[in-house]
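So the sequences go chain by chain: A and B. At position 68 of the first sequence the residue is numbered 68 (this note's numbering), and the sequence of numbers has no breaks. At position 65 of the second sequence the residue is numbered 1065 (this note's numbering), and the sequence of numbers has no breaks.
Simulated from the structure, these hints should not be mistaken for laboratory data. The C-beta atom is built at its ideal place from N, Cα and C for all residues, glycine as well.
To spell it out: a stretch of chain B is covered by chain A in this simulated footprint if at least three of its residues, at any positions, have a beta carbon under 8 angstroms from a beta carbon of chain A; those stretches are:
id	segment
1	1039-1049
2	1063-1076
3	1114-1122
4	1210-1216
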Amino acid sequence: MTKKSHDADVAFIQALAELLRSNELTELEVHRDYGEDDSLNVRVARQMQAAPAAAPVHVAAPAASAAPAPGAEVAQQAASPEDLAQHPGAVTSPMVGTVYLQAEPGTPAFVKIGDTVEEGETLLIIEAMKTMNHIPAPRAGTVKRILVEDGTPVEFGAPLMIVE
Amino acid sequence: MMSWPEGVERRVLDSVDSTNAEAARIADSLAGPCWIMARRQTAARGRRGRAWASPEGNFAATLVLRPAEAPGQAALRSFVAALALRETCAGLTGREAAFSLKWPNDVLLNGGKLAGILLESVGAGGRLTHLAIGIGVNLTAVPPPEAVEPGATPPVALAPETGIRPGQEAFLDALAAAYARWEYQFTTYGFAPIRSAWLAHAARLGQPITARTARETHEGTFETVDETGALVLNGPRGRVAIPAAEVFF
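Please build the complete structure, drawing on both the sequences and the hints.
Laid out in structure tokens, this is it:
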């Protein structure tokens, strides 16, 4: 393709995009033949809804967050792990590792939903490489949600609990 | 006489429940790094609440630090401590080839478990308030057979295996000096040289091993330790990097 025909194509596509907007269309498709072995196919489309498309979730989903199966009722979909990590009461994982909700097997959990906790109180442990990292409550409050299950892996930044 | 590392406190107790528990109690009051050694532990602990048998004459100590790094990076001291302990044992006995390492931080002597290291830290939001590196070494005696979990690496003790019987405090002095050198390597050059040195002493590298996490068992060839410290196994389900597990041979 020559520089000139390239520029012409870009101008053509820009004109189509303008047409789309000015006529409130969502999609426009054009096929142009310029001669033998030379043609142009253009499809321009835009989304009319103000709502953004659902963002894909890349965080390794904690088992407790119950991601719906494909085709499940979207309206019932819980906030994604990414959303929960942004929650003002979220306690997130400072490291990759395995979660433990008890000090050791067979003992009560550090906290349960509804418990009030003091700042600095241990909420859970994350282990990596035989380092047991105690995660303290960043603030005093009530444990509203526990987003991870005992013995499961977590990624860096994954939401662990909501304390507010 | 090994020279004690500068700026590091040294505390020796006759008896304590566990040196890691003592570390947690005093961490906030410490001005800098501190080794806490106990001649006797009455309630020694291992990983996930396992009892750690601590017969009289064996070594038990905890180093308390305030790491500047993020928690994931600070946890790499698991390997730093293992290297320091292996070097100490090799140096005291003159048997360089007899000591190897089992992921992440067990020191093996003639293939048996000589020592265990358990690190405990507190912190979130990118900083740790403290890190306690607890180290137990069978200097003179192995734990009784009923204290050994089925399938675990059989325990060995330094004196019966090598004929060398270092005193607890002499061992502490040698270990503190070795640890200070490896800590300097780690804080100056990062994990890369630690990882290389660890792999050079790794037991069962390239061989089939089993890694048990809280919920799963992975079997595969022990390929390497990655740059985050995770154990890399190549098994039937492909390559997996495992940050926390108990390894069985």
